[in-house]
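S.K.: Here is what each chain is made of, one letter per residue.
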Amino acid sequence: MMSDTTQTSTQAPLQPQHGPQEPASRTASRTTPQSSPQHPRLLPLPTRIRRAMSGSWAMLVATLILLATVIIGLIPAFNSQALKQDIVLGAVPAGTDGHVWGTDALGRDVLMLTIAGARTAIAGPVVIAVGAMAIGLVFGLLAAYTGGWVDWLISRVVELMLSLPTLLLAIVLAGLIGGGYWVNVLVFMLLYAPYEIRLVRSAALSHLHDPFLDAARLLELSPVRILARHVFPVIRPVVGAAMFLDMSNALVSLSSLSFLGLGISPQAADWGRQLSDARDQLFNNPMTAIAPGIAIIVVSVAMNIVGDWITARADRGER
Amino acid sequence: GSSTAKSSGDANKLTVAIASAVSTLSVNQEAGSANYQLAALYQEGLTGVDGTGKVIPALATSWKSSDNKSWVFTLRKNVKLHDGSTLTADDIVYAINVARDSKKSPGLSVYWPNYVQSAEKTGDDQITITLSSPHSDFPIQVSNVAGLFVTSKKFFDEAGSNYGSSKKLIVGTGPYKVTEFDPSSHVTLTKFKDYWGKNNGPQTVRVDFVAEDSTRQLAFTSGKVDVSFNVPVTSVAQWQKNGASTTAYADRSYYGLTFDPNVAPFNDIHVRRAVSYAVDKKAIVSGILKGYGEVATGIDSPEQLAGWTDNDASKAAKQTAKLPAISYDMKKAKAELKQSSKPDGFTATLTYPTGYAQAGKASLAIAQNLKELGITLNVKEVPLEQWLSDIGNGKQGIGWMIYNPTTPQPNEVTSWLLAAGGSGTNPANWNNAEVAAETDKVGTLDKESDKLALVLKSTTTALDEDIYSPIYWGKSVVATAKGVKLAKIGTFWLGTNWAADFSKNA
Amino acid sequence: MRIVTKGGFVKVAKFIGRRLLNLVILLFVLSLVTFGLLYLTNSDPARTLAGAKKVSAAQLAEIRHQYHLDEPLWKQYAIWLGNAIHGDFGTSIRTQLPVAQMIGQRAWVTLTLALMAIAIALLIGLPLGVVAAKRHGTWRDGLITALAVVGVSAPSFSVGLLLLYVFAVKLGWFPVYGLGDGSFADAVPHLLLPAITLAVGLFAAVIKVSRASLLEQVESDYTLFAQSRGVSRGTITRWQLRNAALPIMTSSGLLIASLISGTVVVETTFSLGGLGTLLQESVTFKDIPVVQAVTLLLATVICVTTAIIDALYTLVDPRLRPSGGHRGSADAPASKEGEA
Amino acid sequence: MSIMKDNRQSVAQQGEIPQDSNTTTTLGQGSESLQATAITLRGLKVRIGDAELLHGVDLDIVRGETTAIVGESGSGKSLTAKALAGLLPRYAHVQGSYSLLGEMVNLAGDGRSWRALRGGAIVWLPQDPFSSLDPLHTCGTQIAVGMREGSRAERRDRARQLLTDVGLDAGVADRYPHELSGGMRQRVAIAAALAPQPQVLIADEPTTALDAQMQSGVLDLLGRLRDERQLTLVLITHDLALAAQRADHLAVFRDGRVVETGSRDDIIRHPRTAYTRELLAAHAGIGEMERPAIGSAVVRAEHLVKRFAGAPRPAVDDVSLTVHAGEIFGLVGASGSGKSTVARCLVNLERPDSGDVRYTDGKGGMTGWSMHVAQLVFQNPYQSLNPTMTVRQTLAEALRASGSPADDAHIRKLLDVVGLEAEYLDRKPGTLSGGQCQRVAIARALAPQPKLLVADEAVTALDANVQRHVLETLLSLRERTDLAILFISHDLDTVRRIADRIAVMVDGRIIEEGSTAEVMDHPKHEYTRKLIASVPQALSVNLAGEERHQ
Ligand SMILES: Nc1ncnc2c1ncn2[C@@H]1O[C@H](COP(=O)(O)OP(=O)(O)OP(=O)(O)O)[C@@H](O)[C@H]1O
Ligand SMILES: Nc1ncnc2c1ncn2[C@@H]1O[C@H](COP(=O)(O)OP(=O)(O)OP(=O)(O)O)[C@@H](O)[C@H]1O
Ligand SMILES: [Mg+2]
Ligand SMILES: [Mg+2]
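These protein sequences, in sequence, are chains A, Z, U and C.
Read in the working numbering, the first sequence has 284 at position 281, and its numbers run on one by one without any break.
Read in the working numbering, the second sequence has 705 at position 411, and its numbers run on one by one without any break.
Read in the working numbering, the third sequence has 469 at position 197, and its numbers run on one by one without any break.
Read in the working numbering, the fourth sequence has 344 at position 244, and its numbers run on one by one without any break.
Please note that a few of the clues may not be correct.
Stated by the list, open to error - Just a few of them, taken from the derived set where beta-carbon distance is under 8 Å, the chain Z residues facing chain U: (1) S314; (2) E452; (3) S455; (4) S479; (5) S508.
To be verified - Here are the simulated DSSO-like cross-link-like pairs (lysine-lysine), alpha carbons at most 30 Å apart as the crow flies: (6) Z:K632 to A:K87; (7) Z:K487 to Z:K348; (8) U:K442 to Z:K535.
Just so you know, the hints here were simulated from the structure itself, not pulled from any lab data.
The beta carbon of each residue, even a glycine, is placed where N, CA and C say it ideally should be.
Bound-form chain A, shown alone (with noise of 0.2 Å):
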């Protein structure tokens, strides 16, 4: 075995300068081009126009959407305004002197009350599909990393959950806790969770015998740092796909709950509240339920271009 001469042989190894065989050039060339934005000509003008469309383009729209609606929710006065009836004047149709979008059964201007209706739409489904997928974390890695009973026991309880008949639960809920919004939330939180744990459970297992966990395994990180900083992230696009999507569900099911007669007072302004009594308007202003259905549709649309952006954008680089 020959010794030979190059610059770096006699170099002790663990020094930290450069690296043994970094000619100058080469960590000029890789570098320079890092940062500088990308020259917008160089590519062909329908995959700008694409990609303008598919990210900036509808994130801006869709938050601008979602902002309008924290804003215009948080505003008291639009609500004590929309609720104002007229019982004599009834529903009538769009256009009718002041009403642009008509009123419903009791006289109450669609406008108005769809504005005002943002109050509930978005805290909710997002404390829902927030809470519910934290509940679904928490138990769903657990349940997938310990194996053994453990998992066992949150399968079992699990299925459980989901074999009780939702409306039992709220029925008891509200029977105990009083009702309301809120409890509705909680509702749909602890209803929604037994599935997120089950998501999570089988989307960790997938992963359960990835090298680079035995790797993490090897540097002895404790369960939860390996859960929370080597599964968790790749399982990030299913969680987030799944997240996004309750808050539309959420959204849908909070309103639901009116045609069980356990959803929000019936004398807030509300979007679900508002799709459940248009049912018998249907014919006499359709705009008592197409102004709240495309409501919900849009914000939740909103909700999912923003959850899939933040998505797209933890996930940046990741192939």
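Position chains Z, U and C with the ligands against the provided structure of chain A, taking the given hints into account.
M.R.: Positioned in the frame of chain A, the structure of chains Z, U and C with the ligands alone reads:
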């Protein structure tokens, strides 16, 4: 929609959509109004009613009593049952005993069977029913409207718990025979050829259960349905636009507020009055009900009371109009509240049952009315069952009373609302010994005018004390498609062979 | 595929045995919990049964006595359990009908409806999810995802009415309501529109989950290698789907679970008397025997679905097969793989 | 011809894109050498995100012969290979002109035009044997599915035949990839690559995970196929010796460019660029270091047995070994002989069916396994890094976990140990080359400053320069900190150069153990003798000859 509802082709088949499904054909087991409506076509009692509520012979041809306690019924001869057998007195006695058995007839036994002491066969075609207390209007109680449904004893015993189910169906003596029953979908009936009476109705009647109002309307629009009951009053105009002919009739229902005089602040009559004055009943009837209702001036509706006025509701209406119900007057409302223990207003909760959208909307209207007084009324929707359980629980100062009488008993509503005092006996937990005694006394009176006078007197007391604040008496609307004619309609129409009143052009 | 190996039957028997035990435990606990929850609701069946009518306290007591509602809670439960163990689920308080009979009449409607809905959702949702993942980041992807979200946010009764109006009333392609003449053959076309309505709400879940998990596969090495060998696109897609199958299967199983108890609105809109409406009516009525029986039935269906899906896991992924062995680690004992 | 058309359109499209003169000239050149060349590539530029990774690669691959692409780790070999098969990620921007077997190919073309070429014309064999197979299908299925003709049964039989051709048991057809060792998977992948009978095979490090004997077997097979079928072989490798032995032509990559091409003899004998000379020199050997005195035993494995369910024989069968402080213990053996399994048992990732692993501290007391005692460098570096974490995060975590400060300076120091530039700190594994991943994995294993490093094929994916650097680092670490190393490799040459003692494994058993000199010079066992005989020696001989000549 541009398509207009046309009747489905077959002139011999009538398709009817109703809003609620029945789980069994036996009213003894499930006594909802839909059950009664259906049973009217296939089962009969000793007596029957006509559209106005007048008692007419059915399985009994005549009846008499000397003391209002012991009733002798002479039976119709040669009545055939749907299973081909001939009806016997034993079958009827058996049916009465079944109605008295709270296990077999949980829905019915609380009514008239409750005061039946015995029912016996006292001749080949005669039975005698003995009551524990005198009841002058007993004959109407053994009609199918009030709750006697005669069947074959043999069939009942054979069917056991399957009596009235889709497996065994049901046997009666009525003009129609059930040929098909699917509790999740429909009942099909065909004309019973051995029926003792006349039946000009269509050969086949199919009753579909379509719970959702909008679906029912779409089904109607699509021409799949000839007749629809339970047209929501708020969308009558829309149905008409889609080609429906609509007919409304007073359905004897009572909608009103109940105040519990034991719950603050409603223990203060001024508070109660303030609330009653503030409710704009007229606006509710015209705005929310679109006129399909009547501002209630008393508790039992004139149509209900008509049993004591020769079945002429207008006579009864003249009487009820004189009752001292409070009508809308915001000034007086404010004045009353000033005098009360809560001059600056207060907060209360009003619940209404799911499925009663009109009551919900009325609640919101009331809340808006009360806001002017400074009273905050929180409106809550709860499941029907919970609402029922909460009636008279002594916790709610203000509550809805929604009452759909099923029997023709003229004071059916007040017999409960004004029943003997004490907690739980009446929905308001109102304790007025005099009124309670009066209510108990009604059954013992002979003359109908006396009964009416007494009931109106106690009602007056209740209204004066403002324990009950009536709002409206309801109406129901029936829609018929083009080519379908509805001959007549009346308050008790659904307790008769209603199918025969429809005729279809081929 | 190697599925049945030597001793495979023993394994299958063991798997089923363990599952059955799980099911029994679950059903027992579930019946306890349901019973307790029902007890906590504040409606009174006796009162509801009597209706808004004049009933004396004695009569109410009589009704309560008849259904053992006046017994202490544990005794009520014991009575119920004793009967249930003997296969007698009692009679409904609300309708006096034997519970088994009530459920029998309605169960198939809901189960068929749920199965049809999930089948439609998968048949349409999966291909869309595949396209979205393969055309990831393009306008097609965006459009599909957006449509899916619109589907999930459209309340099912609105969708139902809209479909009814367009396809049943205007075009006359489908029946408007009900189940037809009662035969199964006639019921299927009647159930199609409701099933589509339900499926609209499921697309999003199917599309999003399949897209997300497929995306991981699309740029994987084995995909590239297969592509480079000229393996057909269909085969590659099948491989990718199979690799992405775990989360997709899980969420499909969950969808079935959610469907079975979530059909109330659609059942109401299309006038189909099914388990959903029965359960809803019985819960609000506090009809304990019916609620118990329906809940247990649904739980059984859910458990069986879960078991099937877990069995499918091991079919799909050889690494999860106990027989195949795996690079297990100290933290993941091999025994747990079989039961997920 | 449709492909031609496609490309013309794209050339027209590209008109608006600023191009360097290279592109225009190549078009002409391509058609001239139509017969002789299988691949003509001019001005291949690849840009991902903001960085240009290939800066105009020109390549001419002669038909029916073997061309080796050599070059340091991260120089763009794999990217070029992928580009040639149209397999770069969607977000990569590709430019350049490319003619394959006489037809122009649009490098930025859509899936359809590429699909027509793949399989029959060209096949790309990926670098990482662990992720190149679908985990859910048996190996036989995966091989058969790429075949272009034949009934099911015929395909199955041919798949089995191919497996025996690459030196595997035909029974492997029924096994799943996760049941195979790294080398076995690599051979399955080669069989799969050959299944469609391509005209051009681009094999990215096809034999890195194979021992010398297996390696020559597989390369012989490829050579035979080349002759029989006019297969054009592009071999990507960091192993210059192997390239020199097997290739007819060489292309030397560096920094996303081709710095030198030509016939093998030309380049080996007359390297024109300093870089090539450096590369050749690097191969020749490592600086001799002083061997510290062997200390006390760090780990003692006794009678390890591990049998996987369903396997015909134990993967590890009664293996005992002891590694001492300051010692480099080489574990060599055929692919599938159980080396990785022993390694995993040592660090507690696999529980042996029977037998003991005992760690002892300096004073002879017993300790259990802990991260400070032993660390493992995994055989498959790609998958042993969390795909969602940047290099910085991975290393910082390892430092923090072991209680060291995780600041920038320490991280950079770690990178330096493995010769990786700081610019890779904020990259995620998906954007690193094979060698870069491997170096990150080594750095991570060194972070907790373990007493024992189990290096499972830790330097196989590295080019000679980097390999030497890493090995020297390990040697000096041993010198300074008494680090014990269990060096697992199939590369006898490397092992010989650094190991103090060597054990040879066959079929789960250690058949021979002794000092390096003993084993290398006086092998007792037949297998060992064969192994030693098949080490590629061409380059060292040649080089030596050259030097003597000079
Ligand atoms: N997806 C990507 N995004 C960004 N950079 C990338 C990506 N893929 C590869 N690179 C970079 O491109 C360079 C060339 O990578 P390539 O994989 O071609 O190297 P290589 O020559 O094959 O090296 P090795 O011998 O280590 O495998 C490397 O510096 C790598 O970090
Ligand atoms: N999870 C497993 N299930 C079944 N068999 C396995 C499993 N893991 C490894 N084996 C088998 O164990 C034997 C030894 O594998 P191991 O990975 O230890 O080999 P190796 O010596 O590291 O080979 P290479 O040099 O190719 O990596 C092989 O025959 C392999 O097929
Ligand atoms: Mg590479
Ligand atoms: Mg190995």
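S.K.: It remains to establish, for every hint, whether it holds in the given structure.
M.R.: For each hint, the structure was consulted:
1. S314: With a minimum Cβ separation of about 10 Å from chain U (threshold 8 Å), the hint on S314 of chain Z is violated.
2. E452: violated, 16 Å
3. S455: holds, 5 Å
4. S479: Status holds, d = 5 Å.
5. S508: holds, 5 Å
6. Z:K632 to A:K87: holds, 25 Å
7. Z:K487 to Z:K348: holds, 26 Å
8. U:K442 to Z:K535: Since the Cα atoms of K442 of chain U and K535 of chain Z sit roughly 16 Å apart, the hinted pair holds (cutoff 30 Å).
Hint check: violations occur at hints 1, 2; the rest are consistent with the structure.
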